[in-house]
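Participant: With these hints in hand, go ahead and build the complete structure from the sequences.
Here's the letter readout for the chains.
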Amino acid sequence: MAYLWLTLIALLACGWTVLDGSGTGVGMIAARVAPADRRRLLTAYGPFLLANEMWLIAAAGLLAAVSPVTEARLLSGAYVVVVPLLAAWILRDASFWLRARRPGRVWRGVWDRVLVAASTAFAGCTGVLLGNVVQGLPASGTVSPVHAYGPFPLLCGATMAALLAVHGATFARTRLTGDPAARATATVRRLSPYAAGLALTTVLASLLVAPSPAAALALASPLAVLACRAQTSPPRAFACSAIAVATPVLALLVAASGTLLPTMNASPVVTALLPPALAVTLLYQAALWWLFRRPVNDRAAVFF
Amino acid sequence: MSAVDLARIQFAVTTNAHFLFVVVTLGLAPLIAFMQLRWTVTGREVHERMTRFWGQIYVVNYALGIVTGIVMEFQFALNWTGISHVAGQVFGAPLALETILAFFAEATFLGLWIFGWGRLPKWLHLGLFVLVTLTAYASAYWIMIANGFLQHPVGAVLSGTGRAATARITDFAAMATNPNTVGALAHLLPAALFTGGMLVTAVSAYHLRRRTGRTWAERRRERPENEEFFVRSIRLGLLVALPALVWTAIQGYVQFGYLGADQPTKVAMLGGSAAKAAAAAQAHMVAAHGPGAYLPPGWISVPYAIMSATAETFALPLLFLLPFVIRRWIVRRRILLKVLVWALPVPFVLVVCGWLVREVGRQPWVIYGVLRTTDAATPLSTGTVAASLTVFSLLIGFLMLTDWLLMARLARRGPRDLTLGASLAEVEAREAGHPEPAYARTI
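In order, the protein sequence lines correspond to chains B and V. According to this note's numbering, the first sequence is numbered sequentially starting from 1. According to this note's numbering, the second sequence is numbered sequentially starting from 1.
Be a bit skeptical, because a hint or two may be false.
[Claimed, not checked] So these bits of chain V aren't anywhere near chain B, every CB distance computed over 10 Å:
no.	residue
1	D5
2	G43
3	A63
4	G92
5	A105
6	F109
7	L110
8	R210
9	E227
10	F314
11	V331
12	R334
13	V346
[As the list claims (entries may be wrong)] SDA-like cross-link-like pairs, simulated, lysine to any residue; straight-line CA separation at most 20 Å:
no.	chain 1	residue 1	chain 2	residue 2
14	V	K122	B	A287
15	V	K122	V	A140
16	V	K122	B	R190
17	V	K122	B	L288
18	V	K122	B	P138
19	V	K122	V	E45
Because the hints were derived from the structure by calculation, they are not lab data. All C-beta atoms in this analysis are idealised placements derived from N, C-alpha and C, irrespective of residue type, glycine included.
Facilitator: Right, dumping it as structure tokens:
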């Protein structure tokens, strides 16, 4: 049973980095698109915003049910990282929702800046949190700020931010046409070498901090970023950047599986209801992706 | 102040912020589903505009519900790890099932509803909002299972004491039918409907009152703008709010049927300075759990008095209002309309009062009779919790205020230039100051 829970948590966590990560990336690259096209960019991502962030809420919820002590240790152990992470997440969402609620250049300009800053901070904090897990969190109590924001976590933060920015740009390419799509392509070209370099450095640095054979899996990340630079087809480029953002998380879970598996154990009601419910969830999620698979046009419904 | 006090303040701030938006979500959703049903059946423009106008207010409100909910979910594992250690699997089960069975579906279907506007078959689009409504109510039920367990732990066995104890579920059916879950839900859901109904009523009353004429006589003769729109809305709002309030009050008192046995200390303090009852409850708890202070703060009798007084004084005037929903009778009743506009804060005040009585009333326990609040708190330094409290209070306070101002602005503008249900070309043309292209409305 523990293997099933770990697989489902890995599915939700990697799903979150791929899906919601593309939204964070969209937020990060919003300033690279002309101001007149920003509504179009947010409309391209709009249908997925609510559904995608559910993947992290579901991952945390599942972890709380099958291994509450691990969830408590992860979140309260990395308190000084989790609080800014949540604050950045809230601000990213708020700028998506509130930006379009009023006309006016000042209002929109302020929320554009908040969107870029909060998305970048959210991506960075996610990386710092993962870096802290690699370093190892204290068995009890919380990690000190100096340690939590040490060189290795900061490197992880920068890597995550770079990877998600590329990923956001490859997402934008799949659902936009014309000038904003061309700018997204240029962003992928410009950023992907840096992202690949950072990812490679992080993998090598992790061998010094906490050597694990799972690091070999994370090597797929820099390779996939470089591959997405070479792709001309937008869906394939998106698939490559998805691999690039998901593999570090997957590698981390594989490396931690030895400590995680013995703690995992759920009540019978969760065992009976949750796996089938998750299967149904995947079905309507797939319906959502299928329905909004084409690039947005002038007739697309807006809200953000 | 200790770190525990600060963590409690943070919990109270974020939970109440969340609650104020969630009741509007729960209260408006069935009304909007009804409006959209009428639009789908009749195809009339007034019903379409009603769905879009109230739907837009609903969605803007939803934003803060989500944002505050994020802090809610994560702060258990940040500030209250004692719950995870003692009853993590029990308390975590309904929360995990809520996220995957209800919240996930609600969020996905809401995204489909907003962005599928004009692209999906009409009945499918209606079906999506019905699903959004049902999953929101399912969500409330799962959350109340978790909360009911904290109020009155049934369906689980506990081994050990204090922070070293561990609980596991033995009877999930008992958890799901806990009177402290079902009873509270039966009180809370009509309260949400009362809030949604009053919101629609107050905004409609504002528009029905607003005329442009200069003199009183002119304004009296003038017909309100969008008269049919707001008469229909206020009728629906009042017809939902009135029975919902009565039902809320009845279900409030019904809870005393089991609370006296399940939470004697809470009931003892609600009577205010009923020293005898309080002393008896305290003695009873000392006998069961050893020496200690087991009474919640005495001030919870104040929010309780506000709730019961409002229930008793508000229901009669509302009954008096009932005949005015016939035809256009309410349109000229300018004083009545003014009262209805100013009644808007009432449901929100009541909701906070209800939270205070229920949640502060069970102190000093997190899990009543099992785990004390002080034992549940994560051992953190005061500075750490103070920093987190400051960050979240300022951020959520600022966003709440912004969101409410935006909702007020949308409500005041009335049903014109709606964004929800508009196309990209339509909104871009509107903002550029051009007339709307004809094709945009026919998709």
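Participant: Each hint: holds or not?
Facilitator: Do the hints match the structure? See the list:
1. D5: 18 Å, holds
2. G43: Given a closest Cβ separation of 19 Å, the condition holds.
3. A63: 4 Å, violated
4. G92: Answer for G92 of chain V: violated, closest chain B Cβ roughly 4 Å.
5. A105: For A105 of chain V, whose nearest Cβ neighbour in chain B is about 7 Å away, the distance does not exceed 10 Å, so it is violated.
6. F109: Violated: least Cβ distance 8 Å, not greater than 10 Å.
7. L110: 6 Å, violated
8. R210: 21 Å, holds
9. E227: Label holds. Min Cβ-Cβ 27 Å, cutoff 10 Å.
10. F314: 32 Å, holds
11. V331: 30 Å, holds
12. R334: The claim holds: R334 of chain V sits with its nearest Cβ about 31 Å from chain B, beyond 10 Å.
13. V346: Fine: 26 Å to the nearest Cβ keeps V346 of chain V off the interface.
14. V:K122 <-> B:A287: 17 Å, holds
15. V:K122 <-> V:A140: Not OK: K122 of chain V and A140 of chain V at ~28 Å, beyond 20 Å, violated.
16. V:K122 <-> B:R190: 44 Å, violated
17. V:K122 <-> B:L288: Since the Cα atoms of K122 of chain V and L288 of chain B sit roughly 17 Å apart, the hinted pair holds (cutoff 20 Å).
18. V:K122 <-> B:P138: 55 Å, violated
19. V:K122 <-> V:E45: 14 Å, holds
The structure is inconsistent with the numbered hints 3, 4, 5, 6, 7, 15, 16, 18, although it conforms to all the rest.
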